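This is what each chain is made of:
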Amino acid sequence: MQRPVALAVRGLSKRFDRPAVEALDLTVYGGEFYALVGPNGAGKTTTLRMVTGLLRPDSGTIHIGGIDALADAIAAKQITAWLSDEPMIYDKLTPFEYLEFVAGLWRIEPGIAEARARELIGWLGLAPHAHERCEGFSRGMRQKVALAGALVHDPQLIILDEPLTGLDAGSARDVKTVLRKRVAAGGTVIMTTHILEVAERMADRIGIIAGGRLIAEGTLEELHRKTGKTAASLEDTFLMLVEQPVAAE
Amino acid sequence: MTWLAEHELRLGWRDWLSMMTAGRRSRMRTVAIALIVFGGFMHLLAWSMVGGYAATGTHPDKAALVAVTGTILLSWSLLLSQAMESVTRAFYTRADLDLILTSPVPARRIFAVRIARIAVSVSLVALFLASPFINVLAYIGGPRWLAAYGVVAAMGMAAAAFAVALTVALFRLIGPKRTRLIAQIVAAVIGAAFVIGLQIAAIVSYGNLSRFAPLQSEWLIARAPDVSSPLWWPAHALLGDLSALMLVVAASLALLGASIAVFSRRFGDHVIAASGVSQSAVRQRQRRAFRNGSPAGALRRKEWMLLARDPWLVSQTLMQILYLLPPALLLWRSFREGASGFILLVPVLVMAAGQLGGGLAWLSISGEDAPDLVASAPLSPRRVIWAKIEAVMQTIALVFAPFVAALAFASYWAALVAGCGVLAAAGASTLVQLCFRTQARRSQFRRRQTSSRIATFAEAFSSIAWAAAAALTAAGTWLALAPALIAAGILAGARLIAPRSA
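If you're matching them up, the sequences are chains V and U in order. Last residue of the first sequence: 248 (numbering that gives the first Met the number 0), numbering continuous. Last residue of the second sequence: 501 (numbering that gives the first Met the number 0), numbering continuous.
Hints are computed from structural coordinates only; laboratory data are not their basis. As the structure is a computational prediction, the values presented were derived from the model and not from experiment. Take these hints with a grain of salt, some might be off.
As the list claims (entries may be wrong) - Sample of chain V residues lacking proximity to chain U, with all beta carbon distances greater than 10 Å (derived):
| # | residue |
| --- | --- |
| 1 | Arg2 |
| 2 | Tyr28 |
| 3 | Tyr89 |
| 4 | Lys175 |
| 5 | Glu234 |
Claimed, not checked - Listed next, with one range per pair, are the computed distances between beta-carbon atoms:
| # | chain 1 | residue 1 | chain 2 | residue 2 | range |
| --- | --- | --- | --- | --- | --- |
| 6 | U | Val36 | V | Ser137 | 45 to 51 Å |
| 7 | U | Gly50 | V | Arg55 | 55 to 61 Å |
| 8 | U | Leu128 | V | Arg9 | 27 to 33 Å |
Heads up, the beta-carbon is just placed ideally off N, CA and C, and yes, glycines get one too.
Throw the hints in and build the complete structure from the sequences for me.
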């Protein structure tokens, strides 16, 4: 049976003062946990910002759930959620009010949105602080609120940029648990991370991006096969794959 | 101590440079040219304002002393306000405090230098702003007027000394948690209170808005101390009396020295206390259910909630309303006496609406704390912007409706003109902010002018032009078309020179 495609990117390019992303092709399937890894400045965030409509590509196509995201951005956004590495929430709103605001933006029926908000707040351990303003929250709590905001409108595709940066072990586990539940329920998660162990343990497939190009992609075993060292860790495989094109240049 | 002073001065200079160039070194030449043009304009303005007073002798009468001392007090209250802001920032801005407080240098020395830096920066700003007036007076009336530079520097030092004492007193009275907000509000009130107080006195006594009228009143002059009183030393010093100047500068230096000696010892303790203040949890009343509504409605509600829950922003916003008190009093007085002075209220309302609208528009459009969230929502950018503009305009309508309604009791025509003018000025300021929108944190509200000087000037001149148009319309003259066209031209110009990405 052919798997549904959650995200299809073809020939995506973006140039600032130098090329940031070059002719990138990427396919992520429904119900898949996809990790995008790469060195600093590889083009991971730029790629994902183009997918979420936060940045206009110079060329290429983006289809989310079969919708042309460049031609019908509103419809594509309706089924997508974006979580940046820096949790952007409103200090003067409570988590509950923040989720109400997000639900309002995505036009979610209030009864459904409220039930989801309560569920997410419970899952993420935010219940004791649900009606406190976010201004005094730690980074981990802010990240959890932002994650709840990304999930409250029940997106088909959730895209996260370094969601575990700066989180303590407990908060990181809460976030990972919620993401796993999301994938188990049929959702698609695309995540960038510098923590290769997280990609190794959580992702169904891993994409390695360097110099704005997708240089390797596949399951952990497939990546190992590409380097010819099946017993290597993802870290070793990653470094070998990333250094290859650099050495070739 | 010397290297520390050098370090502080270097930081101060770079901070100023960054503020002037909005962090872009490439703008240095433009800023230099703008400063020269601004300086030239200020000298012309100073010529028209104070040129006639250059002949005032070194032995003035009581009336002149009252007027000069009043002007000094008026300026000093503004310096005190600015110094309080700086001291509050020194307490609460973490920046390099962790490094400083963990270094083996005694904190007392560091904060002594830091208080001195505040005094120097307050004095330098005052000298910069006063220089066109002093230069014009010295050019026309002779070099004795250059003594005014010394007086201004002394005022800066005294302001810094009082600001440190006031802020530390607040710290001890209400604790570090509340001092931050209260000190900023007190600073703003001090800056506005003297001007507003004089205006109210002028309205009550003379029926006009001139803040100088009470300073020229016979009642005040008759009750003022004799010309030999030490109260007039600053005025004598300003007029070129060198012995008075020495005394004033010495007194200010002594005040600053005492302030440093007394407070620098404890300053470190207060800074540590301030940095230890954690933001306590503020619980909001739990509502029963999520509300139904459009995405635009959700955006509007969010804007209002954020504004209403930020006491500092509310205080800054209300401060602009505070300036409406004197004209409101004038309206009430005119209405009671059947006079037509209320016409004066029309441009004041329009001007205030323009300024308030610009501030609110910046908060709503540029000061969006979750730009990615809003941009990734299934809404077109046009709808997002419209919702934000609606939030601004509805707030403006809410604030100004009572004033316009009160004006309607005196004159329907004036109320209609004021209402239209308020909407036009606020709308124009919002459009300017829209043209020059950048991404910033709400907490950067106080420095919003630095992101675009052109936007600041366009907003100010647009408000002035709309106020003039409204005043002339209220007076029933077709000349109103001229400032209205200028206002439209300013908007068109702003649109043309706005960055393409905006």
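Subject >> Given as non-interface: lysine 175/V, which should sit over 10 Å from chain U by C-beta >> reply: The assertion about lysine 175/V holds, with a minimum of 22 Å to chain U.
Subject >> Given as non-interface: arginine 2/V, partner chain U, CB spacing beyond 10 Å >> reply: The claim holds: arginine 2/V sits with its nearest Cβ about 25 Å from chain U, beyond 10 Å.
**OP:** Check the following: the C-beta atoms of leucine 128/U and arginine 9/V are separated by a distance inside 27 to 33 Å.
**Re:** 60 Å Cβ-Cβ, so the 27 to 33 Å window is violated.
**OP:** Look at the Cβ atoms of valine 36/U and serine 137/V and judge whether their distance stays inside 45 to 51 Å.
**Re:** Distance hint for valine 36/U, serine 137/V holds at roughly 49 Å.
**OP:** Just double-check tyrosine 89/V for me: nearest Cβ-Cβ distance to chain U has to come out over 10 Å.
**Re:** violated (5 Å)
Original post:
Taking the beta carbons of glycine 50/U and arginine 55/V, is their distance inside 55 to 61 Å?
Top reply: Between glycine 50/U and arginine 55/V, where Cβ atoms are some 56 Å apart, the hint holds.
Original post:
Against chain U, does tyrosine 28/V keep a CB gap of more than 10 Å to every residue?
Top reply: About 22 Å separates tyrosine 28/V from the closest Cβ of chain U, which puts it past 10 Å; holds.
Subject >> Claimed clearance of chain U by glutamate 234/V, with the beta carbon kept past 10 Å >> reply: Non-interface label on glutamate 234/V holds, nearest chain U Cβ at 30 Å vs cutoff 10 Å.
When the structure is compared with the earlier hints, violations turn up for hints 3 and 8 and for no others.
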